[in-house]
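*Asks:* Here are the chains, one letter per residue:
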Amino acid sequence: MMGRTLKSQLTLITLLPMLITLLFVSALVTQEFISKIDDEIEVRAHDIAAQASMMSEFYLYTGDVDGLKEVTRSIMRIDGLRYVKFIDSSGQLLMQHGHSQNNNTQHFVFPIYGSAIEIDDFEESSTTQQKEQLGTLELGLSIDETSARRYETYQRLLFISLTSLLLGILLILFFTRALNTAIGNLASAAKKIQQGKLHTRCEENGSGELLEFQKVFNTMAASFEESEIKMKAKVDAATASLLLTIDELSQKNIELDKSRQATISLERSKAISDERERIMKDMHDGIGGQLITSLALLEQEKDSQLKDNIHQIISDCLDDLRLIINSLNIANDGLAALLADFKFRMNKKLDQMHIKLVWRVNDIADNIHIQPQMSLHLLRILQEAFTNILKHAKATEIVFELTDEGEFIQLLIVDNGEFDPDCLGSNGIGLTNMQSRAKFLDAELSIKQAYTGGCAVKLKLAKSQINIDTPND
Amino acid sequence: MEETDHGSDHLFNTRKIYLNPVKLLISLLMMIAVTGSAYAREVQIIVAQKHISTAEQLSNTLTEQLGLQVHTRLLKDFDAASLTTDDIVLTIGNAAAQKVSTLQLSQPVLYSFSQQQVLPTTGNWTATVLSQPVKRLLAAIDPLLKQNYKNNILIAVSADNREALRQLNALTASQKNQLDIIQVPANEKPAKYIEDKLFNAGALIAINDQNIWSGENARWMLYQAYRYQVPVVGYSKNFLKAGALLSVYSTIEQITATTVAQLKVLLTKGDLEQKGIIYSDYNIEYNHNIARALDISVPKNRLDIGAEQ
Numbered sequence: 028m029m030g031r032t033l034k035s036q037l038t039l040i041t042l043l044p045m046l047i048t049l050l051f052v053s054a055l056v057t058q059e060f061i062s063k064i065d066d067e068i069e070v071r072a073h074d075i076a077a078q079a080s081m082m083s084e085f086y087l088y089t090g091d092v093d094g095l096k097e098v099t100r101s102i103m104r105i106d107g108l109r110y111v112k113f114i115d116s117s118g119q120l121l122m123q124h125g126h127s128q129n130n131n132t133q134h135f136v137f138p139i140y141g142s143a144i145e146i147d148d149f150e151e152s153s154t155t156q157q158k159e160q161l162g163t164l165e166l167g168l169s170i171d172e173t174s175a176r177r178y179e180t181y182q183r184l185l186f187i188s189l190t191s192l193l194l195g196i197l198l199i200l201f202f203t204r205a206l207n208t209a210i211g212n213l214a215s216a217a218k219k220i221q222q223g224k225l226h227t228r229c230e231e232n233g234s235g236e237l238l239e240f241q242k243v244f245n246t247m248a249a250s251f252e253e254s255e256i257k258m259k260a261k262v263d264a265a266t267a268s269l270l271l272t273i274d275e276l277s278q279k280n281i282e283l284d285k286s287r288q289a290t291i292s293l294e295r296s297k298a299i300s301d302e303r304e305r306i307m308k309d310m311h312d313g314i315g316g317q318l319i320t321s322l323a324l325l326e327q328e329k330d331s332q333l334k335d336n337i338h339q340i341i342s343d344c345l346d347d348l349r350l351i352i353n354s355l356n357i358a359n360d361g362l363a364a365l366l367a368d369f370k371f372r373m374n375k376k377l378d379q380m381h382i383k384l385v386w387r388v389n390d391i392a393d394n395i396h397i398q399p400q401m402s403l404h405l406l407r408i409l410q411e412a413f414t415n416i417l418k419h420a421k422a423t424e425i426v427f428e429l430t431d432e433g434e435f436i437q438l439l440i441v442d443n444g445e446f447d448p449d450c451l452g453s454n455g456i457g458l459t460n461m462q463s464r465a466k467f468l469d470a471e472l473s474i475k476q477a478y479t480g481g482c483a484v485k486l487k488l489a490k491s492q493i494n495i496d497t498p499n500d
Numbered sequence: 016m017e018e019t020d021h022g023s024d025h026l027f028n029t030r031k032i033y034l035n036p037v038k039l040l041i042s043l044l045m046m047i048a049v050t051g052s053a054y055a056r057e058v059q060i061i062v063a064q065k066h067i068s069t070a071e072q073l074s075n076t077l078t079e080q081l082g083l084q085v086h087t088r089l090l091k092d093f094d095a096a097s098l099t100t101d102d103i104v105l106t107i108g109n110a111a112a113q114k115v116s117t118l119q120l121s122q123p124v125l126y127s128f129s130q131q132q133v134l135p136t137t138g139n140w141t142a143t144v145l146s147q148p149v150k151r152l153l154a155a156i157d158p159l160l161k162q163n164y165k166n167n168i169l170i171a172v173s174a175d176n177r178e179a180l181r182q183l184n185a186l187t188a189s190q191k192n193q194l195d196i197i198q199v200p201a202n203e204k205p206a207k208y209i210e211d212k213l214f215n216a217g218a219l220i221a222i223n224d225q226n227i228w229s230g231e232n233a234r235w236m237l238y239q240a241y242r243y244q245v246p247v248v249g250y251s252k253n254f255l256k257a258g259a260l261l262s263v264y265s266t267i268e269q270i271t272a273t274t275v276a277q278l279k280v281l282l283t284k285g286d287l288e289q290k291g292i293i294y295s296d297y298n299i300e301y302n303h304n305i306a307r308a309l310d311i312s313v314p315k316n317r318l319d320i321g322a323e324q
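Protein sequence lines, in the order shown, are assigned to chains Z and D. Here the numbering used here runs 27 ahead of the position in the first sequence, where the first position is 1. Here the numbering used here runs 15 ahead of the position in the second sequence, where the first position is 1.
In short, the hints are calculated from the structure, not lab data. Please read these numbers as outputs of a predicted model, since none were measured by experiment. Beta carbons: idealized from backbone N, C-alpha and C, even for Gly. A hint or two may mislead.
As the list claims (entries may be wrong) - Residues on chain Z that point at chain D, a partial pick, calculated with CB under 10 Å:
hint: 1; residue: Phe85
hint: 2; residue: Thr89
hint: 3; residue: Asp91
hint: 4; residue: Glu150
Stated by the list, open to error - Here are the simulated DSS-like cross-link-like pairs (lysine-lysine), alpha carbons at most 30 Å apart as the crow flies:
hint: 5; chain 1: D; residue 1: Lys114; chain 2: Z; residue 2: Lys158
hint: 6; chain 1: Z; residue 1: Lys158; chain 2: D; residue 2: Lys91
hint: 7; chain 1: D; residue 1: Lys256; chain 2: Z; residue 2: Lys158
Unchecked claim - The following label-pair restraints were derived from C-beta to C-beta distances:
hint: 8; chain 1: Z; residue 1: Met103; chain 2: D; residue 2: Ala308; range: 26 to 34 Å
hint: 9; chain 1: D; residue 1: Ala201; chain 2: Z; residue 2: Ser62; range: 45 to 53 Å
hint: 10; chain 1: Z; residue 1: Lys158; chain 2: D; residue 2: Ala174; range: 41 to 49 Å
The following block holds chain Z by itself, in its conformation from the complex (with noise of 0.2 Å):
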């Protein structure tokens, strides 16, 4: 309403009040003074008059005109007195004294009654009821000094109330200064904190209530500072707790969900192997079962080429059967069982066609486990190569060789034998079905003549592909 500022408004709030009342202290005195000097005139015709009316009365009582104009040469003396003018009761100018054609003249008229005394002590006399008028006083004042003093009087009330004024804004300024200072400070304080410096204090400058005030604002501003401090902290800190838990839950969940994927898969594995083992075990029981059987009877018969054929071809058979019984034997897991089982149905044959293993198998074959799918198509490629060994090389020693080699199992067949290396560019079906089974290991097969002259089978298996314990499992 009165200014933006504190500062502003405090002096306006100091200086309204001080001019409204200067202003109506200066109207009424004003008006009072020059009410005083226009009653003045008034006072003084009226003197005039009463002490014209005592020195005529007489004379208006007896119509004494000579009476009456000693009355008024005597009253014209006075000081701006323009005219004197005597009228009887009925109106007849008795006496006129001056000129009443004038600008600057203030008339005045007034009866003049006679005054009754009574003498009678019982009758109350009439005429001393009635007051008779004896004739009328017109004066005429002049009002140039009158004028004078109105204006003097406005100049010397103009120049009263400028001064008064400027000294009262003087001293308003200078006594409130110190105010305007020590609330501008608080405001300025103030308006710092609610722009979020919290760390303002107001000076202390001001002295009594306001200092008081002061030192509060500045100890409520502390508080207020120490507050959002601890506030934020506390903010923070369940902030921090908040992701940690949001984290710790998705840590869980993540793990949860592993955990659920591995119970699935471990289900699923489960299932298979079951599956496996009960497919293994009819296998087992029905085909090894009717095949060793079938051997049984083949052994009560003659010998003979046929029976011998026979009975390879089903002693192959079993072999075969036992490869894959084995192969899907899950507790057989280990590439060291595998290839000791391997080893072990391997010997009879290489026994009987008078050939040497060499087995080197690194340690590290205990700790790789392969999956099922994945042992029998080693298998597979490991009996595809001793068979061709046993067909075609002629050999008298095989090297089996299983190492560690970094990133990879290195398995290693190599014979002593013959080398045919036509048989590599032929699109045999052994050959086919071990680069589709390596392929499907996701391992790196090559075969090429060996140092020895025989045909080296080089499987390469990414350790990526297979589990290997570790040595605290």
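With the hints as your guide, set chain D onto chain Z.
*Replies:* Positioned in the frame of chain Z, the structure of chain D alone reads:
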């Protein structure tokens, strides 16, 4: 004569009207003893409202002293037809006197506290007036004139003041020689009219004349007299306050006593003994301040002087 101090003015004391049965009985018995029969006549006091206190005072006095039945009637309510032949009419004040005087009653009328101008010229009446006779006023100023070389006594009278003129005519030759009687015409201001005469006057006597001594005229008369250092003799106590040197006046009590006496005679003898104007006992009082101003030695105030025979 016993000099008593009439320092206070008892003109307008207010008293309650009451009948003391014992006093009434004693009075009645006395009346019977004196008259031989009980008095059956009633006094009808006719009075204007403004003088009711005086009427009450007079009524009480009549009742106490004479054992009369007194009825006070206000002037505005007065009906002459209600009077009986045995009634005695007593008026108080000029208004009542003026009213009754026009009625031409057959009953005897006592005018009291009235002035000469309102009285009738004929009829069965007696009046105890407020004013004083000229002789009395002359007698009062006479001792003081000897102190001054001016011994001319001025009296201003209006032409229609018959009683005053009669009294003046009735004076002795030596008294008349002393007097300078000025008849003021009706259209003249008395104060201006007598101015020329004041120069040589030793005293100015005021007589009861409304055209001369009333209101503003009275003021200017006194003013003029003072201007010319002429002592004024007044006929009322108020004259002293107004500036007269001395005043010859009758108090209410004195007028009341005179009225009662007249009534007593009327009752005793059945008719008014003295008809016409009766002057009461009077006092002579001096204004010592005026006396000092006029350089006149005055004696002590003479109070309650009996009327002349």
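*Asks:* None of the hints should be skipped; say for each whether it holds.
*Replies:* Hints versus structure:
1. Phe85: Since the shortest Cβ distance to chain D is 6 Å, the answer is holds.
2. Thr89: holds (4 Å)
3. Asp91: With a closest approach of 7 Å, the Asp91 of chain Z hint holds.
4. Glu150: holds (6 Å)
5. D:Lys114 - Z:Lys158: Distance of about 27 Å is within 30 Å: holds.
6. Z:Lys158 - D:Lys91: Status holds; Cα separation ~27 Å.
7. D:Lys256 - Z:Lys158: holds (20 Å)
8. Z:Met103 - D:Ala308: 26 to 34 Å: Given a distance of about 32 Å, which is inside 26 to 34 Å, the answer is holds.
9. D:Ala201 - Z:Ser62: 45 to 53 Å: Since Ala201 of chain D and Ser62 of chain Z have Cβ atoms about 50 Å apart, the given range 45 to 53 Å holds.
10. Z:Lys158 - D:Ala174: 41 to 49 Å: Violated - the Cβ-Cβ distance for Lys158 of chain Z and Ala174 of chain D, about 27 Å, lies outside 41 to 49 Å.
In summary, the one numbered hint that this structure violates is 10.
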